[in-house]
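Enquirer: Given only the sequences and the hints, what does the whole structure look like? Please build it.
For any residue, its number in the working numbering is found by taking its place in the sequence shown, counting from 1, and adding 746.
For the record, the hints were derived by calculation from the structure and aren't laboratory data.
Possibly wrong hints are sitting among the right ones.
Below, a list of computed lysine-lysine pairs in the DSS-like style, where the Cα atoms sit at most 30 Å apart [to be verified]: (1) Lys1218 - Lys1232; (2) Lys794 - Lys955; (3) Lys1022 - Lys991; (4) Lys1092 - Lys791; (5) Lys1186 - Lys1118; (6) Lys1032 - Lys864.
Now the in silico label distances, taken between C-beta atoms and shown as ranges [stated by the list, open to error]: (7) Met1222 - Asn1123: 57 to 63 Å; (8) Asp1119 - Leu1206: 30 to 36 Å; (9) Lys1218 - Thr1093: 20 to 26 Å; (10) Leu957 - Tyr1067: 17 to 23 Å; (11) Leu802 - Lys924: 15 to 21 Å; (12) His1089 - Ile1227: 31 to 37 Å; (13) Ser1122 - Lys1218: 52 to 58 Å.
These numbers were taken from a predicted model, which means no experiment stands behind them.
Positions of the beta carbon are idealized from the N, C-alpha and C atoms, including for glycine.
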Amino acid sequence: MSFQNDSEKKKDFDGIAPTFAENLEESGVSADGTFDPDYSEPTAKELKRLMLKIDLRIVPYASFLYLLSYLDRVNIGNAKIAGMMEDISMAEADYNWALSIFFIGYIIFQVPANLMLKWMGPRLWISVIMVVWGTIMCSMSACTSGSGLLAARFFLGIAESGLYPGILYYLSVWYTRKQVAIRVALFYSSNTLAGAFGGLLAYGIMHMKGLRDLNGWQWIFIIEAIPTLLFGFLTFLILPDYPDKAKFLTERERSIILTNKRRDTAVAPDTHFSWKQVVSVIFDWKTWIFSIVYICAATPPYALSMFMPSIVNGMGYSDVYAQLMTVPVWACAFVWCVSNSYHAGKTFERGAHMAVSAALCMVGYILLIALKDQPSNYLYAGAVISTTGAFGIVPILISWFSNNYGSETRRNVGIAAITSIGNLSGVISGQVYRQPDAPKYVVGHSICLGLMGVTLMSSLALKAVFYFINKKRANMSVEEIQAAVKGKQELGERHPEFRYVH
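Expert: Encoded structure:
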């Protein structure tokens, strides 16, 4: 990615969130878009120490919050084989809809939730929604019918809708485009740990059956809601808001972060919220293409998350032992997710890394389909490989589309819009593995195999498109650049000096 020399040309930026603009002049960057001449570049050691300080304060905590979120949305799979279906007389078709209905509320409220985050600030907004969804999760233990569970899952989806896109936007505010990939991977990979911990917890909690006249599945909902409620209150005290107001940073450190963010996009801050930008993002071709890719890439991991206990159970393992056998699957997925994303961030590359992970996932699904009549250990190997590949794609995709919006407002809306549309994958995933297809689930595996094939091809195609756009822009003359930006405001990534990550 190329940038202009700061001393040679004043930059016409349109890219930092309104909260940043309030304190620009105090942060080493003047309000008109130029850099403060008194600002001194940080040494490599100083920058490394600063990033470690920020990482330790933000990344583990944000990842843990997502672990709680993911655990609370997929523990219904553990509850299913812990006796829930029989206790509330729930039909298999209703169970599938209980999985899907969560994402209906989740999708509808994602964009409004991200706008609320900008209005209220991250720590207050995230605290509020965590307390709300923790309360709903706990109340699910009192469900006595399928309709009651459906209603609870719908409102759970609404409450959780603000965390995932909110944290993605939050990370993009703190880190540059090259830095954000591994942080997003660590954040996203916590859902694989949720699968592992969920299996271990469910294995232990199922032995509480009968305690205080509650069944094992009821204890799963109650016990897993407690940390969510606790950390909902703690988040307001622990999570910092934005870099320009972060009290744990010195004035010098805030200056470094804001300056690096300004330089990263090569186009600079809008100082006000603009509905024009919101509308332009909604109708941007990138938003819709990335949304389609997201649907294809996220459906298999969502389906695996919600049905893994049933899939392993169908291989011949007992109800209790099946909970335990899901743990190695998620452990392998975690290692691959982090390592693949780390390399993608280090090389500043996205499309090929997604394609490799999609190919690995396809191998696993082919094994599950082709070896359906073989002993369980062969099928288990297929489940491990497919899950490993499936979970290595989405974190790279997230950092890819968040990297390719050129202002904070556009990025905020883009992330919310893409994740909102893309989370139709959650609605679809709830219908992928149907009871008539049990226990081999060949139809479900075949659907996921096809979606992974589309993901592989589209990731390579998008890589090629962004490469050629960058090449065309690199060959533009000074006169052509001036003509392209003349009289135009809020160009964002459409500015000819912006370079897409591919």
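Enquirer: For a C-alpha distance cap of 30 Å, please report whether Lys794 and Lys955 respect it.
Expert: 50 Å, violated
Enquirer: Can the suggested window of 30 to 36 Å be confirmed for the beta-carbon pair Asp1119 and Leu1206?
Expert: 34 Å, holds
Enquirer: Going straight from one Cα to the other, do Lys1032 and Lys864 come out at no more than 30 Å?
Expert: 23 Å, holds
Enquirer: For the pair Met1222 and Asn1123, does the Cβ-Cβ distance stay inside 57 to 63 Å?
Expert: 58 Å, holds
Enquirer: Is 15 to 21 Å right for how far apart the beta carbons of Leu802 and Lys924 are?
Expert: Check passed, 19 Å falls within 15 to 21 Å.
Enquirer: In this structure, is the beta-carbon distance linking Leu957 and Tyr1067 contained in 17 to 23 Å?
Expert: Between Leu957 and Tyr1067, where Cβ atoms are some 21 Å apart, the hint holds.
Enquirer: Check the hint pairing Lys1022 with Lys991 against an upper bound of 30 Å on the C-alpha distance.
Expert: 27 Å, holds
Enquirer: Indicate whether the distance between the beta carbons of Lys1218 and Thr1093 respects the range 20 to 26 Å.
Expert: 23 Å, holds
Enquirer: Decide if the proposed pair is consistent with the structure: Lys1092 and Lys791, CA atoms, cutoff 30 Å inclusive.
Expert: Since the Cα atoms of Lys1092 and Lys791 sit roughly 18 Å apart, the hinted pair holds (cutoff 30 Å).
Enquirer: Note whether the CB distance of Ser1122 and Lys1218 lies within 52 to 58 Å or breaks it.
Expert: Holds, at about 54 Å.
Enquirer: Straight-line Cα separation of Lys1186 and Lys1118 no greater than 30 Å?
Expert: Holds. Lys1186 to Lys1118 sits at ~6 Å (cutoff 30 Å).
Enquirer: May I ask you to test the hint 31 to 37 Å on the CB atoms belonging to His1089 and Ile1227?
Expert: 33 Å, holds
The structure fails to meet hint 2 from the earlier list, while all remaining hints are met.
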